[in-house]
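Chains C and P, in that order, give the protein sequences. Per the UniProt record's numbering, the first sequence starts with residue 1, numbered consecutively. Per the UniProt record's numbering, the second sequence starts with residue 1, numbered consecutively.
Treat the hints loosely; a few may be bogus.
If several chains are the same, the list does not tell them apart, and a pair holds so long as it fits within one copy or across any two.
Okay, derived cross-link-like pairs now, SDA-like style, lysine to any residue, Cα gap no bigger than 20 Å in a straight line [to be verified]: (1) K65 - P44; (2) K140 - D115; (3) K249 - L10; (4) K27 - G77; (5) K249 - N6; (6) K65 - S43; (7) K90 - K249; (8) K90 - P215; (9) K295 - S43; (10) K16 - E138; (11) K140 - P116.
Quick caveat, the hints were computed from the structure, so don't treat them as lab data.
Number of protein chains: 2
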Amino acid sequence: MSIPANPWTLAARTEKMNSSVIREILKVTERPGIISFAGGLPSPKTFPVAEFAAACEKVLREDGKGALQYAASEGYGPLREIVAAGLPWKVDPAQVLITTGSQQGLDLIGKVLIDPGSKVLVETPTYLGALQAFAPMEPKVVSVASDDEGVDLDDLGRKADNGRFLYVLPNFQNPTGRTMTEARRAALVERAAALGLPLVEDNPYGDLWFDAPPPAPLTGRNPDGGVYMGSFSKVLAPGLRLGYVIAPKAIMPKLLQAKQAADLHSPSFNQRMVVAVMQDGFLARHVPTIRTLYKAQRDAMLAALTREMPAGVTWNTPDGGMFLWARLPEGVHAVDLLPKAVDQGVAFVPGTAFYADNADPRSMRLSFVTASVEQINIGIKALASAIRAL
Amino acid sequence: MSIPANPWTLAARTEKMNSSVIREILKVTERPGIISFAGGLPSPKTFPVAEFAAACEKVLREDGKGALQYAASEGYGPLREIVAAGLPWKVDPAQVLITTGSQQGLDLIGKVLIDPGSKVLVETPTYLGALQAFAPMEPKVVSVASDDEGVDLDDLGRKADNGRFLYVLPNFQNPTGRTMTEARRAALVERAAALGLPLVEDNPYGDLWFDAPPPAPLTGRNPDGGVYMGSFSKVLAPGLRLGYVIAPKAIMPKLLQAKQAADLHSPSFNQRMVVAVMQDGFLARHVPTIRTLYKAQRDAMLAALTREMPAGVTWNTPDGGMFLWARLPEGVHAVDLLPKAVDQGVAFVPGTAFYADNADPRSMRLSFVTASVEQINIGIKALASAIRAL
Chain C
1 MSIPANPWTL
11 AARTEKMNSS
21 VIREILKVTE
31 RPGIISFAGG
41 LPSPKTFPVA
51 EFAAACEKVL
61 REDGKGALQY
71 AASEGYGPLR
81 EIVAAGLPWK
91 VDPAQVLITT
101 GSQQGLDLIG
111 KVLIDPGSKV
121 LVETPTYLGA
131 LQAFAPMEPK
141 VVSVASDDEG
151 VDLDDLGRKA
161 DNGRFLYVLP
171 NFQNPTGRTM
181 TEARRAALVE
191 RAAALGLPLV
201 EDNPYGDLWF
211 DAPPPAPLTG
221 RNPDGGVYMG
231 SFSKVLAPGL
241 RLGYVIAPKA
251 IMPKLLQAKQ
261 AADLHSPSFN
271 QRMVVAVMQD
281 GFLARHVPTI
291 RTLYKAQRDA
301 MLAALTREMP
311 AGVTWNTPDG
321 GMFLWARLPE
331 GVHAVDLLPK
341 AVDQGVAFVP
351 GTAFYADNAD
361 PRSMRLSFVT
371 ASVEQINIGI
381 KALASAIRAL
Chain P
1 MSIPANPWTL
11 AARTEKMNSS
21 VIREILKVTE
31 RPGIISFAGG
41 LPSPKTFPVA
51 EFAAACEKVL
61 REDGKGALQY
71 AASEGYGPLR
81 EIVAAGLPWK
91 VDPAQVLITT
101 GSQQGLDLIG
111 KVLIDPGSKV
121 LVETPTYLGA
131 LQAFAPMEPK
141 VVSVASDDEG
151 VDLDDLGRKA
161 DNGRFLYVLP
171 NFQNPTGRTM
181 TEARRAALVE
191 RAAALGLPLV
201 EDNPYGDLWF
211 DAPPPAPLTG
221 RNPDGGVYMG
231 SFSKVLAPGL
241 RLGYVIAPKA
251 IMPKLLQAKQ
261 AADLHSPSFN
271 QRMVVAVMQD
281 GFLARHVPTI
291 RTLYKAQRDA
301 MLAALTREMP
311 AGVTWNTPDG
321 GMFLWARLPE
331 GVHAVDLLPK
341 AVDQGVAFVP
351 GTAFYADNAD
361 PRSMRLSFVT
371 ASVEQINIGI
381 KALASAIRAL
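From just these sequences and the hints, can you work out the full model?
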């Protein structure tokens with residue numbers, strides 16, 4: 001048989017697609033003995049295994065055949081109702097689309113809203129997974145300057161023209177851990193509406209606050225002007241791959257068609273399990289235990305940083321979530337530090353991964369939720385030692 | 001606050017996206033009392049509910065925290081190994097990508113191989129879900145003439161120039177139920193290789209043979225020239241949303257990046273459940289029971305058609321799978337028949353839904369797996385009555 005060497009022609013968009021730097025780093029850090037501040041993995045201690053076991057048993061006993069059959073692309077009705085009822089503004093369950101993790105929400109939004117060359121505005125820095133999800137649709141990604149309170153509205157005004165949307169992660173942001181203030185939220189929603197700029201609001205971490213809840217979501221202030229995404233990955237477990245999108249009527253039909261074409265529907269069995277687990281107010285009892293655990297680990301990391309780090313290293317104090325953002329001294333680059341740190345037995349993600357452009361080479365993301373307090377103490381000491389050696 | 005009427009601009013590709021005609025029909029047929037030959041729903045009788053319950057219990061007991069955590073985008077190692085070992089040609093587990101149903105395989109293949117305007121070749125008729133999955137990537141879909149033995153190679157030769165791939169479903173095709181012959185498979189693989197045309201082979205139904213297995217897959221005859229897709233939806237249950245892609249080295253890295261961006265990974269819990277269910281050779285005991293059931297239902301439908309249908313109605317005899325393809329008398333169109341049939345309490349899918357172009361308006365798809373034998377007898381009688389009335 002005559003076979004040409006390679007009959008495949010790749011789509012042009014594949015040139016814009018890349019493997020996640022983080023997933024590559026994670027492979028390195030899977031070596032035994034490495035303490036990892038790199039991954040965004042929730043602490044497995046928080047997974048309600050016994051409750052899931054009971055939910056599986058119940059779902060399969062009560063309607064096993066229904067749970068295992070094909071189902072509606074929109075999602076399981078009772079789960080859509082629970083999601084709608086749990087949000088702090090009036091949401092019709094018909095606006096809820098259940099997705100295969102909130103990552104899929106980003107993929108669907110990209111398909112429906114981004115043409116090749118479309119301008120998409122993002123925070124500086126921003127969630128890497130969003131950049132990856134949008135990349136196949138070939139947007140022109142534009143970073144909007146951001147400070148400790150959130151997006152810089154003057155810079156937004158300069159750059160918003162013809163933007164398809166602004167992607168924001170207002171609560172305990174990945175990667176910086178920062179939270180947009182109430183004043184900035186109010187001003188941003190007003191400014192975006194005046195600019196005719198839709199908002200894409202991603203809120204996977206909002207429930208993981210430590211001392212007080214974050215200000216209310218942006219989308220509830222102008223529901224027709226925004227898409228909102230949430231996730232069960234951080235309050236229940238990521239291995240079920242369930243998230244949701246709240247979409248206005250202007251785009252819901254196309255998001256639903258994109259969802260149907262992408263994977264028909266998210267696993268019906270998993271959706272029913274989550275409904276079963278959440279009965280009787282389980283989350284109201286469970287989520288506070290996650291907050292307590294993560295706050296203790298954040299505190300341990302802050303204390304260790306204060307104790308161990310040489311002068312010139314700075315960091316912030318996140319009010320919730322999973323990540324802390326640190327900055328190395330003048331002239332020290334996080335990408336140079338990483339191999340030295342791994343030699344010392346500790347890993348992190350260099351901040352450059354999270355910038356669409358003009359990356360800060362001195363920045364680094366440290367997760368405080370996967371490692372234990374004991375590991376945090378050892379790991380931060382090792383990291384400080386690697387910084388000193390550099 | 002000044003809010004523009006509608007700030008959203010939809011991507012141009014959304015004009016190519018449509019809701020599935022079938023899903024719209026299914027909504028109508030959910031009315032109580034309607035006997036449906038419309039859906040592609042496996043018989044719930046075949047779902048191994050007790051085995052899944054045992055598998056859930058085992059997975060959560062043995063490594064619940066692992067099963068509920070984030071996992072590799074490629075899929076769960078033991079499941080990739082089982083998939084590779086189960087195929088009738090030598091497959092390295094590294095070539096296996098676990099997907100959120102095989103529908104997601106189509107979405108990823110579209111992203112990686114289709115540019116706007118790319119020529120994609122399909123059978124006549126073809127699987128509607130593939131047309132939907134490819135649509136957002138805006139291909140130019142070209143139908144290749146097909147006969148009872150499979151794709152017409154002369155027509156393929158005339159149309160193949162610059163084609164990105166040929167999409168084929170060789171076993172018990174959806175919608176026609178037909179199976180590509182051994183001779184045609186051998187000739188097609190040879191011709192495609194000579195033309196430098198990659199094959200995308202979809203095989204969700206291959207295990208559902210009635211009297212003898214279908215000929216060997218196309219991909220095994222030239223693994224570097226094809227992508228192969230399989231599914232657990234028809235041999236275990238669709239509600240878990242698990243399928244797989246076998247990809248050659250030329251495209252696996254980009255498929256994996258597309259997968260990572262689309263939903264990070266398919267549910268790790270579900271993948272482990274499937275591994276647990278399949279232990280001890282479960283499929284070898286279970287699948288024959290599905291074959292027996294579906295064969296009896298096919299036979300019942302064939303007998304009812306012979307008994308009830310007026311002259312001029314023709315149909316084929318599928319050797320497996322879930323669907324039978326029928327043709328109405330000259331001048332009778334399936335889209336006109338459908339509302340009359342629903343009035344009589346029976347539903348089906350007009351064949352026009354499955355053509356990329358030049359649809360046969362007299363064709364119709366009848367599923368024989370969802371309805372019971374008793375319902376098949378009643379439903380075919382009602383359908384015949386509706387045809388006579390028309």
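### Task
Determine which of the earlier numbered hints do not hold for this structure and return their numbers in increasing order.
Hint check: nothing fails, all pass.
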